[in-house]
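Asks: These are the residues of each chain, in order.
There are 2 protein chains.
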Amino acid sequence: MWPNRRVMDLFKIEHPIVLAPMAGAMDADLVIEVCEAGGLGSLPVATIDETKMRSEIAKIRAATSKPLNVNFFCHKPPVPSNAREHAWRERLKPYYQELGIDPAAPVPSSNRIPFDASLCAAVEELKPEVVSFHFGLPDAALVRRVKAAGSLIVSSATTVEEARWLEKNGCDAIIAQGFEAGGHRGMFLSDNPATQVGTFALVPQIVDAVTVPVIAAGAITDARGIAAAFALGASAAQVGTAYLFCPESKILPPHRLALKSARDDGTVLTNLMTGRPARGFINRVMREIGPINDIAPEFPLAGGALAPLHAKAQQQGSGDFSSMWSGQAASLGREIPARQLTAKLVAEAQAIMRQQAGL
Amino acid sequence: MWPNRRVMDLFKIEHPIVLAPMAGAMDADLVIEVCEAGGLGSLPVATIDETKMRSEIAKIRAATSKPLNVNFFCHKPPVPSNAREHAWRERLKPYYQELGIDPAAPVPSSNRIPFDASLCAAVEELKPEVVSFHFGLPDAALVRRVKAAGSLIVSSATTVEEARWLEKNGCDAIIAQGFEAGGHRGMFLSDNPATQVGTFALVPQIVDAVTVPVIAAGAITDARGIAAAFALGASAAQVGTAYLFCPESKILPPHRLALKSARDDGTVLTNLMTGRPARGFINRVMREIGPINDIAPEFPLAGGALAPLHAKAQQQGSGDFSSMWSGQAASLGREIPARQLTAKLVAEAQAIMRQQAGL
Numbered sequence: 328m329w330p331n332r333r334v335m336d337l338f339k340i341e342h343p344i345v346l347a348p349m350a351g352a353m354d355a356d357l358v359i360e361v362c363e364a365g366g367l368g369s370l371p372v373a374t375i376d377e378t379k380m381r382s383e384i385a386k387i388r389a390a391t392s393k394p395l396n397v398n399f400f401c402h403k404p405p406v407p408s409n410a411r412e413h414a415w416r417e418r419l420k421p422y423y424q425e426l427g428i429d430p431a432a433p434v435p436s437s438n439r440i441p442f443d444a445s446l447c448a449a450v451e452e453l454k455p456e457v458v459s460f461h462f463g464l465p466d467a468a469l470v471r472r473v474k475a476a477g478s479l480i481v482s483s484a485t486t487v488e489e490a491r492w493l494e495k496n497g498c499d500a501i502i503a504q505g506f507e508a509g510g511h512r513g514m515f516l517s518d519n520p521a522t523q524v525g526t527f528a529l530v531p532q533i534v535d536a537v538t539v540p541v542i543a544a545g546a547i548t549d550a551r552g553i554a555a556a557f558a559l560g561a562s563a564a565q566v567g568t569a570y571l572f573c574p575e576s577k578i579l580p581p582h583r584l585a586l587k588s589a590r591d592d593g594t595v596l597t598n599l600m601t602g603r604p605a606r607g608f609i610n611r612v613m614r615e616i617g618p619i620n621d622i623a624p625e626f627p628l629a630g631g632a633l634a635p636l637h638a639k640a641q642q643q644g645s646g647d648f649s650s651m652w653s654g655q656a657a658s659l660g661r662e663i664p665a666r667q668l669t670a671k672l673v674a675e676a677q678a679i680m681r682q683q684a685g686l
Numbered sequence: 328m329w330p331n332r333r334v335m336d337l338f339k340i341e342h343p344i345v346l347a348p349m350a351g352a353m354d355a356d357l358v359i360e361v362c363e364a365g366g367l368g369s370l371p372v373a374t375i376d377e378t379k380m381r382s383e384i385a386k387i388r389a390a391t392s393k394p395l396n397v398n399f400f401c402h403k404p405p406v407p408s409n410a411r412e413h414a415w416r417e418r419l420k421p422y423y424q425e426l427g428i429d430p431a432a433p434v435p436s437s438n439r440i441p442f443d444a445s446l447c448a449a450v451e452e453l454k455p456e457v458v459s460f461h462f463g464l465p466d467a468a469l470v471r472r473v474k475a476a477g478s479l480i481v482s483s484a485t486t487v488e489e490a491r492w493l494e495k496n497g498c499d500a501i502i503a504q505g506f507e508a509g510g511h512r513g514m515f516l517s518d519n520p521a522t523q524v525g526t527f528a529l530v531p532q533i534v535d536a537v538t539v540p541v542i543a544a545g546a547i548t549d550a551r552g553i554a555a556a557f558a559l560g561a562s563a564a565q566v567g568t569a570y571l572f573c574p575e576s577k578i579l580p581p582h583r584l585a586l587k588s589a590r591d592d593g594t595v596l597t598n599l600m601t602g603r604p605a606r607g608f609i610n611r612v613m614r615e616i617g618p619i620n621d622i623a624p625e626f627p628l629a630g631g632a633l634a635p636l637h638a639k640a641q642q643q644g645s646g647d648f649s650s651m652w653s654g655q656a657a658s659l660g661r662e663i664p665a666r667q668l669t670a671k672l673v674a675e676a677q678a679i680m681r682q683q684a685g686l
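For the protein sequence lines, the chains are A and B, in the order given. For the numbering used here, add 327 to where a residue sits in the first sequence, where the first one is 1. For the numbering used here, add 327 to where a residue sits in the second sequence, where the first one is 1.
Just so you know, not all the hints are guaranteed correct.
[Unchecked claim] Sample of chain A residues facing chain B (criterion: CB under 7 Å; computed from the structure): (1) Leu479; (2) Thr486; (3) Thr522; (4) Gln532; (5) Ser576; (6) His637; (7) Gln655; (8) Glu662.
Hints were generated in silico from the structure; no laboratory data involved. Even glycine gets a Cβ: it sits at the ideal position worked out from N, Cα and C.
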């Protein structure tokens, strides 16, 4: 029994749990397990190309007939700035030297692809039940095409103002992404991390501001968080970090180690890794340059010059230069398979809700 | 019916609602109303002297026989630095000139008094049922004296590490003060605002880390917040901003206006007003100097040079230089008397809890 079925009825899912799409940290394997457990599985496309997207969706569709969410970033492509990217490379040069990498070698270009007409055509063909976006919404014409293809539209709001904008521009449900959430802040009407809002404050204020159902996100790692999200007025919970612990996630060893020893105060918002604020475990480059620094080039270009450092350090078992995204409640995570985790979250959340009423 | 009576039984109160002690914004009037409504009223002493504390407590004791919390700051007195305070006055000089205040006039000294032997003697005599501290705990000898006098000891933790420290050092209950909370961060083992933790993440992690009961704080402005706090494992909710709306609070007109038009993203953590990070509505001085800036002298000295600006601007109906503390959920507040507010929070929270169980 769930006290509010709005998101379940909208998405036609059995349980109000949405797997957070965690680009670079997961693939079809995690999606399939959450779908089969009755939640909404989400496939992140930001770091894969269309060919890979098609093969992943084919794999999911072959394994489960449950509804699927496909997630895209919809940032504006960056305006390259030679001066800014040069300054960034100069700042990182001592690390290149320390790790024995040629600082003059060309760095890979950004690998975050925004949603575009070509991906839209694939969506029209593949018809995922839900399409979610991060960093607002793509151009209105693309949103109309996705809706016309029959997919529901979802995006993340980090403020009430963003939630109102998303509802006005066609979202069928809105993710209220609290300050505690791991990964990129979905912020798109402000670039000021100082006024970002915590989950506890954000969820009820967005619930009051929009008529579409609200999915709470940010530090929902165990069943207590799911019960609390409903108490605050949400109709579902988006869960990310908890699923990184699962054997089906595709994270590198230093990231897994960081999760296992996570502390409540072990993450920060940083713009160093990609150019946009995102929450992850504090690593060496964040500590030494400062987690928020204007020297990082525009999203997603900052990641280019870090890529060789990331690759070399990972070979040595180190996450010194890697994005290891996590929310602020990773210490509540459990290393169990995703299907089992989903069932546990469901059973425990319902038990808490009964207990709340003194039953 | 409350699902968890630990704090109610400990404090001998009827409802698990603690009035946040909001120094400078309230006095006995608000305390009396919350006590009589069955919550725990808290008298803040940080900005009043012992004589005033005694008269306020006498007023409360004459009006109600319910348990009382008396709250003290327990910071180390600052080490004055002429250079730092001079730089701060120089930075503020253009504002003095703009407002027609003589920049050479002496500024008032700090008015935040830490708990000391003299206040401790008064506590031993007056025997409040609960004594709460902010910024950790005073010296162990003073803590022992307060306990020996029969008062329960409470303090705020902003991280799991601080919660463990507080339990080890004698706290009978711990306030988990989330990042969203208005007023001063209670942080005492770290001075880094970047790793402060949201209410949603902090409460369950502290509940898991300590054996004493936990009081959730930060963005609990309506009944949904109280129900969510219990779902996260708390045994009570500390409510601050919601009570600022009441006619019994003692806030200046610009502060009341800011509350009535509050937005979720309208506050920041700032160290400018006192020297320690605190959350309040963004005002002109925060916007123009930046809310967190090393130029602000050590707590509470930063407030000295701001005091003449605050006084002059307030005369003109402006909060440009004033602390207008607020949490991130002020938009959920209602301007009704405190006793009525408390009763509404109780009734609505219990209704949400029943509804959560599908009743």
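Asks: Would you mind marking each hint as holding or not holding in the structure?
Replies: Status of the hints after comparison with the structure:
1. Leu479: 25 Å, violated
2. Thr486: 5 Å, holds
3. Thr522: Nearest chain B Cβ about 4 Å off; hint holds.
4. Gln532: 5 Å, holds
5. Ser576: 20 Å, violated
6. His637: Interface hint status for His637 of chain A: violated (22 Å vs cutoff 7 Å).
7. Gln655: Holds - the Cβ of Gln655 of chain A comes within 7 Å of chain B, reaching about 4 Å at its closest.
8. Glu662: 17 Å, violated
This entry does not satisfy hints 1, 5, 6, 8, going by the numbered hints stated previously.
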